[in-house]
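Assemble chain G onto chain Y, guided by the hints.
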Amino acid sequence: MLLVTGCQTAPVNLNLLHANNTPIGTKISQQCHIKILPVNDVRSNKETLGSAGGVPVLSNNVTGWVKQGMNSGLQQRGYQVSERTGDLSMQVNVKLAYMRPLPLRLYATVSLEVILHQKEKQLYQNIFRANGDSNNWANGEGEIMDVLNVALNNVVDDVATDIQPACSR
Amino acid sequence: MKVSRLLVLVLLVSMVGCVVNPTRKAISEKEAKTIRSTQVVSIIAQDEITAHVVNPNISAAAGGGLLVALIDASIIESRTNEAEGFIAPLRQGLTRFDFRKEYWARQSELFQSANWMKSGQPKNTAVDMSATQIRDTVATMKEDAFLIMRTEYYLSSDFKRMVVEGYAQLWTKGQDLPSYAAKIEYQSATIPAENKQDAVDYWNKDGAGAALATLYEGMDEVVNILRVDLFKNKGIAIANTENRISLPYVNPEQTFSNSIDGDVIMENKGRYVIKANNGKLLSLVQDDSFKIPENRASKQVANEPVNIVAKQDSKLATPSSKNSKTEEKKKSVSKSSIPKKPVVVVSWAEPGSPPRYKTTSLDVYSRKLSGVMTRIIKQYSQNDPEIIVINGSSATHIADEVLQVETSKSLCASKQARYVVMALTGLTDADFHGSSSFSRKVEYHFHDCVSNNHRNINKIVELGNREGFRFEEGYTASFSDFIASSIFSVRNASLK
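First to last, the sequence lines map onto chains Y and G. Counting in the working numbering, the first sequence runs from 1 upward without gaps. Counting in the working numbering, the second sequence runs from 1 upward without gaps.
Keep in mind that the hints were calculated from the coordinates and are not lab data. Hints should not be assumed to be uniformly reliable.
Dumping the calculated PhoX-like pairs for lysine-lysine here, alpha-carbon to alpha-carbon at most 25 Å [as the list claims (entries may be wrong)]: (1) G/LYS30 x Y/LYS46; (2) G/LYS173 x Y/LYS95; (3) Y/LYS119 x Y/LYS35; (4) G/LYS101 x Y/LYS46; (5) G/LYS30 x G/LYS196.
These figures come from a predicted structure and were not determined experimentally.
This is chain Y alone, in the form it adopts within the complex:
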């Protein structure tokens, strides 16, 4: 695998934009308000989002993309998300976000740590991890963005389901 190297062209510079491109699971009616704090990037690899066709995929907006995804995703799933005050504050740490191209499919993995606080008290903490996959036509930027969004949306889906009890307290 390592013997064929140096064949790539310029890296892909991805403008990460969240899109709701997966079906939303059961909508949860939640009365509690969640404030999502600025997202932390704790990835061991902060340089790339994987590679496509031997080319590194780069982006400098991972935290913004994740926050966008959490905001939009939780709202769509019935949570009241607010930038100002909330019954709960949510801290999100990005642990992993990368995609890998396979011959005919693209795979992506996103892992987030989610911590919920009520005032100063930590109510909840969990690490989520989800994959996404989609067709790989040409390792195109749109396809890469698409598969990363699928993985992020799948994580958000899991988060929305898992934090229900904490939100209901």
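Frame of chain Y; chain G shown alone:
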């Protein structure tokens, strides 16, 4: 729709104009002396563990063509999707493990030590460099040399081995091609697992303890070989030694032949580093797929003390009282030409496999049933002073049979094998001795290399089939045991 996607893939593959880099290139002493400073970049592009997927290479075997390329692509997709499914729990288990951090810490320690290249600390990065970037760096750098170390880790295609692979290349200022290249490949011992699910469970149990321990060992080994080859030996050519080996081998990558041919250059705690003829520096531990004969003398190679004394696997070392009488008999008829210590080489067919081509088939074959063969080795080879080769074939392609016959002959001729057992396509005794009258019927043969006694053992197989071992559908463990015990009955009878 799917065909269109396959077409796109095929076109993409055909358009890739990647540089195929040398596996091994030694720097000349003269060139090494010109290096007084070195810039180092260490690249680990992968974020999580992967699994190797075997390229069926049907297109290469068929001489190319779009149709067969499509078949290749389709098979790769299917295998990759399967591997992705199986490996997911292991990735979950290794969530808290940071390969980059651990590997770079080890490498950093190495580069901190004084070295002839006067290298600074590596720049550690996940971003790979293109050929253009490397060329630009080499052209404009202040240092005399530029060293890139790329590292990967993955599971073998059957998930039974962990591989850590490092690829080092060094350019001297202004040169287009690297002056030094070394591909270092650590392979773990084969784990006991019947299938991929078993294997993942094994790696993942107790907080992925087995996977972590193996990865740590792999990292240490790759860094250590780099230390010896580049730092200590200055990357200068390793002379061929008298410790040459040519052993059948189950290769997890399945990308080269079914044997390791090369020089044993280092030994440490039962692990051997072999400079393979294809240039790789392979670090292997003796297990079911690879054993170095014990009768090799210690050699001094490339400034590195080498102790080529194979250790008896403790699992195989327990004497069997059942075999003790046989042992005595064997001693009485032993031939001086037979090696005194055992090496058991096993290769068996994968039934129902698609036709295979050229000489890679044995690798492909021998993988699936290594677990079964392990049982045979353990049961029948303990303290056996002979070398046993068990070959098999799914009888789907004549080329395989030719290859196996040639391999078997060669092993007999080189006195590496005492017995050869083959499941072949209609091979007769005459075939083994040079004829080529193949039919499409599967026959089983037992050959005693020393006495040159060859016999058809189809009756044993027929008996097995009658006993319900369902040979055509697969070699079950019990069937293999049955065959093995029959073989050894024949063997023992021949020794009386």
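Outcome of the hint check:
1. G/LYS30 x Y/LYS46: 41 Å, violated
2. G/LYS173 x Y/LYS95: Not OK: G/LYS173 and Y/LYS95 at ~39 Å, beyond 25 Å, violated.
3. Y/LYS119 x Y/LYS35: Measuring from Cα to Cα gives roughly 11 Å; hence the hint holds.
4. G/LYS101 x Y/LYS46: Answer holds: G/LYS101 to Y/LYS46 is near 13 Å, not above 25 Å.
5. G/LYS30 x G/LYS196: 49 Å, violated
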